[in-house]
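Protein chains: 2
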Amino acid sequence: MNVNLDQMNLTRRPFIKTVVGASLATMVARAQEPSNPEKKLGWALVGLGSLSSKQIAPALLNSKHCKLVAVVTGTPEKGVKWREQYGLAEDKVYSYESFDKIIDDPDIDVVYIVLPNSMHHEFTIRAAKAGKHVFCEKPMANSAKECREMIAACAAVKRQLGIGYRCQFELHHQEAMRLAREQVFGPLQHLDAGFGFAIGDPTQWRLRKALAGGGALMDVGVYALQACCYLAGEEPVEVSALETKTDPVKFAEVDETIHWMMKFPSGLTANCLTTYRFSGCDHFTAYGSKGRFGMKPCYGYSKLAGWTSDPNIPLSFPQTDHFLAEMDAFSLAIIEGRRFEPSGAEGLRDLLVIEAIYRSIASGKKERVEKEA
Amino acid sequence: MNVNLDQMNLTRRPFIKTVVGASLATMVARAQEPSNPEKKLGWALVGLGSLSSKQIAPALLNSKHCKLVAVVTGTPEKGVKWREQYGLAEDKVYSYESFDKIIDDPDIDVVYIVLPNSMHHEFTIRAAKAGKHVFCEKPMANSAKECREMIAACAAVKRQLGIGYRCQFELHHQEAMRLAREQVFGPLQHLDAGFGFAIGDPTQWRLRKALAGGGALMDVGVYALQACCYLAGEEPVEVSALETKTDPVKFAEVDETIHWMMKFPSGLTANCLTTYRFSGCDHFTAYGSKGRFGMKPCYGYSKLAGWTSDPNIPLSFPQTDHFLAEMDAFSLAIIEGRRFEPSGAEGLRDLLVIEAIYRSIASGKKERVEKEA
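Read top to bottom, the protein sequences are chains A and B.
With my numbering as the guide, the letters of the first sequence map in order to residues 1 to 373.
With my numbering as the guide, the letters of the second sequence map in order to residues 1 to 373.
Hints listed in this document are in silico derivations from the structure and should not be mistaken for laboratory results.
Hints may be right or wrong, so weigh each one.
Which copy is meant is left open, so a pair is good if it fits within one copy or across any two.
Stated by the list, open to error - As a list, the in silico DSSO-like pairs of lysine-lysine whose alpha-carbon atoms are at most 30 Å apart:
#  : residue 1 : residue 2
1  : Lys290    : Lys303
2  : Lys101    : Lys40
3  : Lys209    : Lys290
4  : Lys158    : Lys250
5  : Lys365    : Lys40
6  : Lys290    : Lys54
7  : Lys158    : Lys245
8  : Lys209    : Lys64
9  : Lys250    : Lys129
10 : Lys290    : Lys245
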């Protein structure tokens with residue numbers, strides 16, 4: 001699938017310079033070195049859970065600009081299986097301990113971090129120290145502080161840090177961003193967004209605070225937050241949040257249901273929900289001054305559907321592979337020496353909102369979102 | 001149109017005894033006096049604005065149990081016009097000053113208060129003192145204190161006080177209440193509800209605090225609040241609210257946009273919006289553990305539409321006259337000696353939530369909803 005990069009630039013959140021170093025010129029210079037624009041970049045997957053095996057690896061098989069060249073796993077048997085399945089050489093299966101040796105592996109251009117949230121920080125920094133570009137699953141990390149350190153680590157070695165906000169590469173979402181940005185239904189006035197599901201297995205890492213950092217908000221709430229921000233094209237300045245816990249045993253460590261409100265500088269307001277309690281909340285609705293549009297279902301891997309209040313302006317596209325699109329876009333940005341968005345800067349901005357949401361729950365008050373300098 | 005009272009009883013908010021006096025037995029005894037169950041009750045309309053002229057009076061012409069017998073207006077020319085249009089005798093046009101003389105008018109059984117919000121309190125109490133049943137437009141009053149005084153005034157003379165929550169008499173809403181109450185889509189988990197419109201004429205009474213008591217929240221937000229409560233079948237215990245004002249001149253006295261969240265005792269959560277800034281927000285969505293249902297448009301006089309997540313369980317009915325239904329239901333309750341709901345007790349409960357919302361906006365904190373003893 002081709003990603004239209006001109007369109008992407010229109011629909012991204014406002015371009016913000018990365019915090020440290022890595023000018024665009026440096027990146028262009030570096031990118032021109034290989035002098036082979038047709039080259040596929042080599043990707044290493046860190047963490048071989050279901051996301052890697054069911055979504056990411058299959059997508060890589062169809063990629064124009066990426067190829068799977070290595071895996072990193074804590075389970076040797078998984079390494080054997082992956083080696084056979086994807087025809088990897090024996091020395092292309094790393095453990096978490098041997099991971100840093102990727103510095104000597106020129107076949108690896110990009111490291112994709114597909115680990116539990118609390119490990120994103122460590123492995124992003126280790127990958128950067130090995131001189132690799134990093135593509136990191138959402139949420140970027142467990143705190144804004146971790147995000148800043150990850151951004152700095154990648155900038156210090158002049159490598160790109162992309163965040164796996166796959167919906168930004170999905171056609172309905174991209175068109176929705178255009179509708180918002182071009183004010184096709186007038187300036188946006190209000191957003192409703194929610195994403196949740198009834199979580200199963202009580203032993204999974206998503207329910208352990210040490211691994212997940214938080215609950216529904218960190219895992220799926222971030223999709224609703226993202227949608228509000230990329231539709232708004234601006235960052236929320238104030239949030240107010242409430243938490244509800246109906247099963248204090250299962251959700252002893254992490255949040256079960258959080259609903260929150262946001263105010264944006266333009267006067268735009270947003271109501272959001274995230275939950276591990278029930279399925280079926282999976283949408284956004286954008287209210288413009290002249291009409292409305294939205295998606296439902298909205299954030300899954302397939303079967304997405306859009307609607308608008310004007311029968312002459314459909315919001316309907318074929319289903320696409322979001323993972324393929326985002327990984328190709330990341331590789332192509334590196335090959336062509338362009339800065340990739342959504343970068344770590346955007347992941348950081350989302351963590352600043354998430355931190356304000358958790359502060360609001362703790363204080364019982366509305367909270368300002370900390371602004372990044 | 002027939003109102004199915006058996007069904008109504010299923011779908012009402014939990015039956016709560018009125019605060020003062022007026023036992024059901026007393027009401028039954030009184031109601032049996034006239035010994036003419038076919039009698040139409042005589043209604044007097046207080047306030048002849050567009051709601052009275054365009055909705056209520058036409059509905060009364062089609063009523064089985066009500067007839068228009070008198071009007072109360074501050075504009076003598078309107079009185080002449082209404083007298084001619086509805087064939088009223090000269091002595092059936094009262095002014096606000098002569099209003100209390102209705103005590104001597106046996107043709108008037110019910111007084112329907114269709115005045116600006118801040119006048120509901122005074123005219124309800126004056127109507128009660130004249131021994132009349134009172135039907136009062138929403139919001140019931142500007143404060144919980146006023147509501148209590150109105151309830152006490154009606155109870156003291158053993159007259160009923162009904163609130164004009166017309167949606168409770170509309171077929172889609174009634175079926176939605178049944179879906180919620182019978183847990184057809186499982187127990188409710190979350191509610192989204194919103195109602196707003198782009199308000200026009202900047203000189204209208206709705207924008208004057210002295211007349212309206214508040215802005216969008218008092219006027220249309222109360223529909224979203226009502227929907228949440230009658231779907232929930234329980235009262236919210238905690239609210240958190242934010243206010244946004246983009247036009248501080250037009251909305252110098254009243255609220256423009258308010259979004260708020262509610263928590264209910266069962267763990268049910270709700271996100272709500274109300275606004276005078278833009279049109280098109282007019283819906284509720286109910287998330288159950290096994291599916292979803294909702295309405296959009298939801299709160300207007302016509303063109304209402306429902307939906308559910310199960311194609312085998314439609315939420316679709318003919319459009320009906322909400323005013324006719326509620327007025328007939330009120331008259332019939334009086335004729336048959338049953339207590340009418342939604343009564344002043346429900347109007348009071350809504351004002352307690354509205355007061356908590358305004359308190360939350362002022363304090364910047366979540367607020368408990370005051371419980372009525």
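Tested hints:
no., hint, in the structure
1, Lys290 <-> Lys303, "both (28 Å within a copy, 19 Å between copies)"
2, Lys101 <-> Lys40, "within (22 Å within a copy, 91 Å between copies)"
3, Lys209 <-> Lys290, "between (43 Å within a copy, 28 Å between copies)"
4, Lys158 <-> Lys250, "neither (43 Å within a copy, 52 Å between copies)"
5, Lys365 <-> Lys40, "neither (50 Å within a copy, 53 Å between copies)"
6, Lys290 <-> Lys54, "between (41 Å within a copy, 27 Å between copies)"
7, Lys158 <-> Lys245, "neither (44 Å within a copy, 44 Å between copies)"
8, Lys209 <-> Lys64, "neither (38 Å within a copy, 63 Å between copies)"
9, Lys250 <-> Lys129, "neither (38 Å within a copy, 57 Å between copies)"
10, Lys290 <-> Lys245, "between (38 Å within a copy, 19 Å between copies)"
Hints 4, 5, 7, 8 and 9, counting from the list given before, are not met by this structure.
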